[in-house]
Amino acid sequence: MLNVIGQLFGFVGSLCLLLFGMEMLSNGIQKGAGNSLQSLLHKISGNRFTAVLTGIAVTAIIQSSGATTVMTVSFVNAEIITLTQAIGIIFGANIGTTVTAWIVSLFGFSFSIEAAAIPLFGFGFILKYFKKFKIHNFSDCFMGFALLFMGLGLLKSSINLQPESVAFLQNFKNLGAMGIFIGVIIGIAFTALIHSSSATTAIVLTMSANGSLPWETGAAMVLGSNIGSTVDAVMSAFGASVNAKRTAAVHVGFNVFGTLLALLFFHPFLELIDYIVPKAPVENITNHIAMLHTVFNISATLIFLPFVNQIAKLAKKLVPESQKELDAHYKMTVILPLNHVSADLYTIQIQKEISKMSARVMEMLDCLGESLGQKNDNLTELVEKINAQEEYIDEMNHEITRFLQKCSRLPTANHNDRNNFARMISIVQNLEDLSDECCSMMHTVCKVKNEETPSFYDNQGRELAAYFEQVHIFYEQACTYIVFGLSEIDKVLLSDVEDQIDKTKKELKKISRKRIENGSNVKAELNYMDLVRKIEKAGDCVFGVIRAIQPSLIDPVLTDGSESNLISAQNLIINTKTRKVFVSGNEVQLAAKEYDLLLLLMEKKGEIVPREKLLESVWNYEKEIETRTLDVHIRLLRQKLNNQKLIETVRGIGYRING
1 MLNVIGQLFG FVGSLCLLLF GMEMLSNGIQ KGAGNSLQSL LHKISGNRFT AVLTGIAVTA
61 IIQSSGATTV MTVSFVNAEI ITLTQAIGII FGANIGTTVT AWIVSLFGFS FSIEAAAIPL
121 FGFGFILKYF KKFKIHNFSD CFMGFALLFM GLGLLKSSIN LQPESVAFLQ NFKNLGAMGI
181 FIGVIIGIAF TALIHSSSAT TAIVLTMSAN GSLPWETGAA MVLGSNIGST VDAVMSAFGA
241 SVNAKRTAAV HVGFNVFGTL LALLFFHPFL ELIDYIVPKA PVENITNHIA MLHTVFNISA
301 TLIFLPFVNQ IAKLAKKLVP ESQKELDAHY KMTVILPLNH VSADLYTIQI QKEISKMSAR
361 VMEMLDCLGE SLGQKNDNLT ELVEKINAQE EYIDEMNHEI TRFLQKCSRL PTANHNDRNN
421 FARMISIVQN LEDLSDECCS MMHTVCKVKN EETPSFYDNQ GRELAAYFEQ VHIFYEQACT
481 YIVFGLSEID KVLLSDVEDQ IDKTKKELKK ISRKRIENGS NVKAELNYMD LVRKIEKAGD
541 CVFGVIRAIQ PSLIDPVLTD GSESNLISAQ NLIINTKTRK VFVSGNEVQL AAKEYDLLLL
601 LMEKKGEIVP REKLLESVWN YEKEIETRTL DVHIRLLRQK LNNQKLIETV RGIGYRING
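First residue of the sequence shown? That's 1 in our numbering, and the numbers climb one at a time after it.
Hints may be right or wrong, so weigh each one.
Stated by the list, open to error - No more than 30 Å apart at the CA atoms, straight line, and that leaves these computed lysine-lysine pairs for BS3-like:
id	residue 1	residue 2
1	Lys-385	Lys-352
2	Lys-537	Lys-352
3	Lys-580	Lys-537
4	Lys-317	Lys-503
5	Lys-331	Lys-317
6	Lys-352	Lys-447
7	Lys-503	Lys-534
8	Lys-580	Lys-534
9	Lys-580	Lys-510
10	Lys-505	Lys-523
11	Lys-577	Lys-503
12	Lys-317	Lys-385
13	Lys-447	Lys-506
14	Lys-645	Lys-509
15	Lys-509	Lys-523
16	Lys-537	Lys-385
17	Lys-503	Lys-406
18	Lys-331	Lys-352
19	Lys-593	Lys-534
20	Lys-506	Lys-645
21	Lys-313	Lys-279
22	Lys-503	Lys-537
23	Lys-613	Lys-503
24	Lys-580	Lys-604
25	Lys-577	Lys-509
26	Lys-279	Lys-317
27	Lys-604	Lys-506
28	Lys-509	Lys-604
29	Lys-605	Lys-577
30	Lys-577	Lys-534
31	Lys-537	Lys-510
Claimed, not checked - Now the in silico label distances, taken between C-beta atoms and shown as ranges:
id	residue 1	residue 2	range
32	Asp-502	Thr-444	18 to 28 Å
33	Asn-642	Lys-523	20 to 30 Å
34	Gly-13	Asn-416	48 to 58 Å
Honestly, the hints are just simulated from the structure, not real lab data.
Ideal Cβ placement from N, Cα and C applies to all residues, glycine included.
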């Protein structure tokens, strides 16, 4: 009795080590590969054969058909690939997962894998400290392989049962069709429980190699594991979009019908494997099982591949469109994180959700623009629309931020992923702040329109509409950059737009004060100033979005520098660390004195710099002397910068940069 309990605990511990090794291996490969695997899936063409090959390649690399399937369901959910493309990838994933069986079959029983596991684990552990060479993310890959081998070795010893204790398994082959059915059910249940068909296959191979499982029972369990492997796809489709549910349904249907087809021709199928693999099953059973797994998945793919379009149509009929997407409340269709899925996968999906959120904020700004241009008091419809959008955006902010926090804690998330998720959280929160400002502005607009006379709209109304249009255009630019990204030069140049919005606010405040001094209605001017202040605050929110957008990886302006080293005015940027000057993103070559002169003027942007100060700082002249050097250098700078208005001449005093 104690011996049986000891073997049971040994089996469970070995299995857990094997599963942990597989998960670490998959996570390590995905973390090291970054977004390249997701990019591969993303770039799938409409060709079904290319989709199958991609599914094979990705699954063979990450050693997990479940991870590939979840990625595929997620991409369909995010509308990145179509249902037809996803079907081809799923077919390929089933073939790719057979690589694990061949690794175990060819290497797991031919030499002492424990001996290879220890140095492999040590190599992976040492690799963790090579962060400078950016190869430390692959350390989990080697340690995962080592743990997989160690788990497999322990599994072999723990399943080394006496023949009399497993006689009931040998009797399965005497039960005929019932014995095969029981084997399939065991394969389904065990795979669904441990979420790994590869681990189930490894256990079947180990038990078969030890003589615990007969050939027919082992084959039935492997076929059953194909059905059990669909549990990941089913779980990932909960709460997802209709097309994601259809993809999961196709995965389940393909594996179930493929297995049923194999069971109909079970004995002829086994005879085919016996014909392909040399030696009898008793002498070479591990290769027989690995070959069965491969031939089964390839055959099922070849049978169903010509009918991809018909399968997609059937899935659409079986899983009809749901009306839940039309509900008033936001429901994020992004699939929840799973430990064995790369963090980069969620980046693509969240970017799509953020684009939807930015579009709703744009609708709020459109409503505000419309309300500022109206002279009637019928604002009820616009107010209701803005309030509804604001509530919806609050829900989006809550759901997306919570999801991003989960993603940042994924084991596959590296440093760059976490920084990217932090930027996304900042974008979402700034969008939500902007929606709040829109609501507040609409409240003030209603207040003004209910209290003020029509003459208010002829003067102050036009000024407010023009000022609001600056922010509206600024936000349109931000929306473009949310989708396509931006470089640091764009970010710096856009800061000038934000500065212009601030300057306009100051100008409008001066105009309002003059009107009050001239006897204008004080209450009306206070409402006017309240709106000016809120419009400016909305511009700050837009600039907050821009600051958080992922910068371009290749930006000549930032070579050997950082954003803190940049000084800008109009379309001109100086990187003070590299002493480089850029006009509209293109580098301009300046002589040493020209650069020093320009830098001094840029550091005093907006201020008049006297001639004496320029001559002293650039040429070390202690006093004004009769020289044309300064004027010549100013003329050359204007020519090279191709901007005659950037440097303004203040007669009799000096020069200044117009920002």
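Status of each hint after checking the structure:
In summary, the hint linking Lys-385 to Lys-352 is supported, as the alpha carbons are separated by about 23 Å, within the 30 Å threshold. For a cut-off of 30 Å, the pair hint linking Lys-537 to Lys-352 stands: about 26 Å separates their Cα positions. For the hint pairing Lys-580 with Lys-537, the CA-to-CA distance comes to about 34 Å; that exceeds 30 Å, so the pair is violated. With a CA separation close to 59 Å, the supplied pair Lys-317 and Lys-503 exceeds the 30 Å bound.
Of the pairs offered as hints, the one joining Lys-331 and Lys-317 holds, with about 24 Å between alpha carbons and a cut-off of 30 Å not exceeded. For the suggested pair Lys-352 and Lys-447, the alpha carbons sit about 36 Å apart, so the restraint of at most 30 Å is broken. Proximity of Lys-503 to Lys-534 is assessed by CA-CA distance (about 14 Å); at most 30 Å being required, the pair is judged to hold. Our distance criterion of 30 Å between C-alpha atoms is broken by Lys-580 and Lys-534, whose separation comes to about 38 Å.
A distance of roughly 38 Å separates the Cα atoms of Lys-580 and Lys-510; the hinted pair therefore is violated under the 30 Å criterion. Taken as a hint, the Lys-505 and Lys-523 pair is honoured in the structure, with Cα atoms around 19 Å apart against an allowance of 30 Å. The suggested pairing of Lys-577 with Lys-503 holds, with an alpha-carbon distance near 29 Å, which does not exceed 30 Å. As the CA atoms of Lys-317 and Lys-385 are separated by approximately 35 Å, the hinted pair breaks the 30 Å bound.
A C-alpha spacing of about 23 Å is found between Lys-447 and Lys-506, which places the hinted pair at or below 30 Å, so the restraint holds. For a cut-off of 30 Å, the pair hint linking Lys-645 to Lys-509 stands: about 27 Å separates their Cα positions. Between the alpha carbons of Lys-509 and Lys-523 the distance comes to roughly 14 Å, so the proposed pair stays at or under 30 Å and holds. Restraint check for Lys-537 and Lys-385: the C-alpha separation of about 21 Å stays at or below 30 Å, so the hint holds.
Annotation: proposed proximity of Lys-503 to Lys-406 is violated, straight-line Cα distance about 41 Å (limit 30 Å). Annotation: proposed proximity of Lys-331 to Lys-352 holds, straight-line Cα distance about 14 Å (limit 30 Å). Restraint check for Lys-593 and Lys-534: the C-alpha separation of about 45 Å exceeds 30 Å, so the hint is violated. A C-alpha spacing of about 23 Å is found between Lys-506 and Lys-645, which places the hinted pair at or below 30 Å, so the restraint holds.
The suggested pairing of Lys-313 with Lys-279 is violated, with an alpha-carbon distance near 45 Å, which exceeds 30 Å. Proximity of Lys-503 to Lys-537 is assessed by CA-CA distance (about 13 Å); at most 30 Å being required, the pair is judged to hold. Taking the CA atoms of Lys-613 and Lys-503, the gap is near 27 Å; set against the 30 Å cutoff, the hint holds. In summary, the hint linking Lys-580 to Lys-604 is supported, as the alpha carbons are separated by about 18 Å, within the 30 Å threshold.
Restraint check: the Cα-Cα separation between Lys-577 and Lys-509 comes to about 38 Å, which exceeds 30 Å; the hinted pair is violated. Of the pairs offered as hints, the one joining Lys-279 and Lys-317 is violated, with about 48 Å between alpha carbons and a cut-off of 30 Å exceeded. For a cut-off of 30 Å, the pair hint linking Lys-604 to Lys-506 stands: about 20 Å separates their Cα positions. Taking the CA atoms of Lys-509 and Lys-604, the gap is about 25 Å. The hint holds against a cut of 30 Å.
At roughly 19 Å between alpha-carbon atoms, Lys-605 and Lys-577 fall within 30 Å of each other, so this suggested pair holds. Straight-line distance between C-alpha atoms of Lys-577 and Lys-534 comes to about 37 Å, which puts the hinted pair past the 30 Å bound. Restraint check for Lys-537 and Lys-510: satisfied, since their Cα atoms lie roughly 18 Å apart, inside the 30 Å limit. In this structure the hint that Asp-502 and Thr-444 lie 18 to 28 Å apart at CB holds, the actual value being about 20 Å.
Between Asn-642 and Lys-523, the C-beta spacing of about 50 Å breaks the proposed range 20 to 30 Å. Distance hint check for Gly-13 and Asn-416: the Cβ-Cβ separation is about 36 Å, which falls outside the suggested range of 48 to 58 Å.
Going down the numbered hints, you'll see the structure goes against 3, 4, 6, 8, 9, 12, 17, 19, 21, 25, 26, 30, 33 and 34, while the others check out.
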